[in-house]
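If you're matching them up, the sequences are chains P and U in order.
The working numbering applies: residue 1 is where the first sequence begins, and numbers increase by one.
The working numbering applies: residue 1 is where the second sequence begins, and numbers increase by one.
Keep in mind that a hint or two might mislead.
Since copy identity is lost for identical chains, a pair holds within one copy or between any two.
Straight line, CA to CA, 16 Å or less: simulated EDC-like cross-link-like pairs of lysine to aspartate or glutamate [unchecked claim]: (1) 41 / 188; (2) 284 / 245; (3) 232 / 151.
Since the hints were made in silico from the structure, they are not lab data.
What you are looking at is a predicted structure, and each value in this text was computed from that prediction instead of being measured.
Number of protein chains: 2
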Amino acid sequence: MMTTPCIENIKNYLLNFQSNFINTFASIDNPECVIIDKWKKGNHEKLNGNGISSLIEGEVIERGGANFSHVKGNSLPPSASIIRSELAGKPFQAMGVSIVMHPYNPLVPTAHANVRLFTVQTNDNPDDLNKNVWWFGGGFDLTPYYPIDEDIIYWHQQAQKCCQPYGEHVYPDFKKQCDDYFYLKHRDETRGVGGLFFDDLNTECGWEFDQAFNFIQQVGNTFLESYFSIVKKHYQKPFTQQQKDFQLYRRGRYVEFNLLYDRGTVFGLQSGGRTESILMSMPKHASWQYNYQPDSNSPEGRLNDYLKPREWL
Amino acid sequence: MMTTPCIENIKNYLLNFQSNFINTFASIDNPECVIIDKWKKGNHEKLNGNGISSLIEGEVIERGGANFSHVKGNSLPPSASIIRSELAGKPFQAMGVSIVMHPYNPLVPTAHANVRLFTVQTNDNPDDLNKNVWWFGGGFDLTPYYPIDEDIIYWHQQAQKCCQPYGEHVYPDFKKQCDDYFYLKHRDETRGVGGLFFDDLNTECGWEFDQAFNFIQQVGNTFLESYFSIVKKHYQKPFTQQQKDFQLYRRGRYVEFNLLYDRGTVFGLQSGGRTESILMSMPKHASWQYNYQPDSNSPEGRLNDYLKPREWL
Numbered sequence: 001m002m003t004t005p006c007i008e009n010i011k012n013y014l015l016n017f018q019s020n021f022i023n024t025f026a027s028i029d030n031p032e033c034v035i036i037d038k039w040k041k042g043n044h045e046k047l048n049g050n051g052i053s054s055l056i057e058g059e060v061i062e063r064g065g066a067n068f069s070h071v072k073g074n075s076l077p078p079s080a081s082i083i084r085s086e087l088a089g090k091p092f093q094a095m096g097v098s099i100v101m102h103p104y105n106p107l108v109p110t111a112h113a114n115v116r117l118f119t120v121q122t123n124d125n126p127d128d129l130n131k132n133v134w135w136f137g138g139g140f141d142l143t144p145y146y147p148i149d150e151d152i153i154y155w156h157q158q159a160q161k162c163c164q165p166y167g168e169h170v171y172p173d174f175k176k177q178c179d180d181y182f183y184l185k186h187r188d189e190t191r192g193v194g195g196l197f198f199d200d201l202n203t204e205c206g207w208e209f210d211q212a213f214n215f216i217q218q219v220g221n222t223f224l225e226s227y228f229s230i231v232k233k234h235y236q237k238p239f240t241q242q243q244k245d246f247q248l249y250r251r252g253r254y255v256e257f258n259l260l261y262d263r264g265t266v267f268g269l270q271s272g273g274r275t276e277s278i279l280m281s282m283p284k285h286a287s288w289q290y291n292y293q294p295d296s297n298s299p300e301g302r303l304n305d306y307l308k309p310r311e312w313l
Numbered sequence: 001m002m003t004t005p006c007i008e009n010i011k012n013y014l015l016n017f018q019s020n021f022i023n024t025f026a027s028i029d030n031p032e033c034v035i036i037d038k039w040k041k042g043n044h045e046k047l048n049g050n051g052i053s054s055l056i057e058g059e060v061i062e063r064g065g066a067n068f069s070h071v072k073g074n075s076l077p078p079s080a081s082i083i084r085s086e087l088a089g090k091p092f093q094a095m096g097v098s099i100v101m102h103p104y105n106p107l108v109p110t111a112h113a114n115v116r117l118f119t120v121q122t123n124d125n126p127d128d129l130n131k132n133v134w135w136f137g138g139g140f141d142l143t144p145y146y147p148i149d150e151d152i153i154y155w156h157q158q159a160q161k162c163c164q165p166y167g168e169h170v171y172p173d174f175k176k177q178c179d180d181y182f183y184l185k186h187r188d189e190t191r192g193v194g195g196l197f198f199d200d201l202n203t204e205c206g207w208e209f210d211q212a213f214n215f216i217q218q219v220g221n222t223f224l225e226s227y228f229s230i231v232k233k234h235y236q237k238p239f240t241q242q243q244k245d246f247q248l249y250r251r252g253r254y255v256e257f258n259l260l261y262d263r264g265t266v267f268g269l270q271s272g273g274r275t276e277s278i279l280m281s282m283p284k285h286a287s288w289q290y291n292y293q294p295d296s297n298s299p300e301g302r303l304n305d306y307l308k309p310r311e312w313l
């Protein structure tokens, strides 16, 4: 059965995914670790947004957020679509869920995922997607502090399994896009060990609506399952103050990436998005240390070897 | 006597100012709090840089840096001069000192200063400034956590005194530019309580070389004197953990400004500058808290009133 390509279906999926995700992680954390905030922003034609921000701050997840947002605007910013410049200036909608999880324990990686739908109105009925332009984007990536090969291989196996039904080229292609995107040029390092990243999934590049929407759901489910399994494996392990300090130092890099390079963050802040929701991706604590260069044989120095693209499968 | 307008004179002044500044602050801090790093970057025609980074990490200054750098390139980036687009692409030199000081005690403000000279080669002799295009830029600004009116008035009085010999319009003009520049749009707040900010000081806008260079020196001296006097007044005062936490929270805003908006930082990182020197402006620790809104009558809430432009004199 074909899914009716309408905005409400996607919205329902995204909201379910969001609460499912947060509930799963809340189940292993302390009670009352979740804050849910409904918000609205703007009430003019130019830009209108609403959303639900779910924040998790507990003993397992030091700071995490799953943010649903739905923005309607009367003029698509050129930065929203690199390959679709002819659509700039038209009415648009953007809807998605963004997740960043910063666990307390430095032995547990930080992780991020995003699934989103853009639609641009080229027809009188903005909600009938058959008659308008749409595309999906998203992905997930993992940022370990003390990387464990087994976990990373599992992470990429899961990513590959998620992509496999959609074609042999999908995993290698989206894996490469992930390595390219989550790259800190000024540090010459990747943000972490990668995963998947994609944008502009639509009919023109061979993705029917149904197929693309199914894929998006698969991406969300895979992220939840894979990351939860990695968190459960390590979150109760003892760690040292030195490891915690190193985690905070590396979180400085996460801040650098998000504020200097992340298109969603920079675009969101510049276009008048809801600052507190966008910056839920910031860690609770971060630190900087001048010219810190751990011994390449130390566990901290070993991380450098993981911050360049590598074939994991 | 006219100063000979040559690069070496400026360089000597900048290096003296840098070591004078760091020595002054080191005199009230613990021994061995200063790290001096000479560096070179690039050895090709496109971009060549060298510099001296002076880092101070002690009990009074948790993290501070005074960074001298001298960069030569074969093609001026368009972003280097907003008002001089016809010079883009020509050989250039940029030389300056940048200072950011993050004291340990939350009752002491953070402060920043910068003095810089750009020259663009339009003649065969790159070092004879009479025959090439040059301009000075710079300024200083203060970022208190627990603002004290008396200090801020003193800060602006010193700024005014520094500008006064150069014309009545200079202080109000450069003060306004400071308020405009150090503004976080996504937070709708200024970085702090301002000071001076200016760019493109040159003959075209009425500044002879001698006059501009004298002014730059005055700016450096005023900053050192005023900030040192504010630090000495407060650094030994007792403070609470709550005040320290608030300082770290506000330092998150400092990070946001520098990575999202600061032209020097963003330009420096994008153009292949020395990352560790550029990011000496980062605090040692910063934190983020979701939707933190202190009671407007609390000392923390009171800060909001100071984060909009105000006439202090």
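Status of the hints after comparison with the structure:
1. 41 / 188: between (37 Å within a copy, 15 Å between copies)
2. 284 / 245: both (13 Å within a copy, 12 Å between copies)
3. 232 / 151: Classified as within: same-chain Cα gap 12 Å, cross-chain 52 Å, threshold 16 Å.
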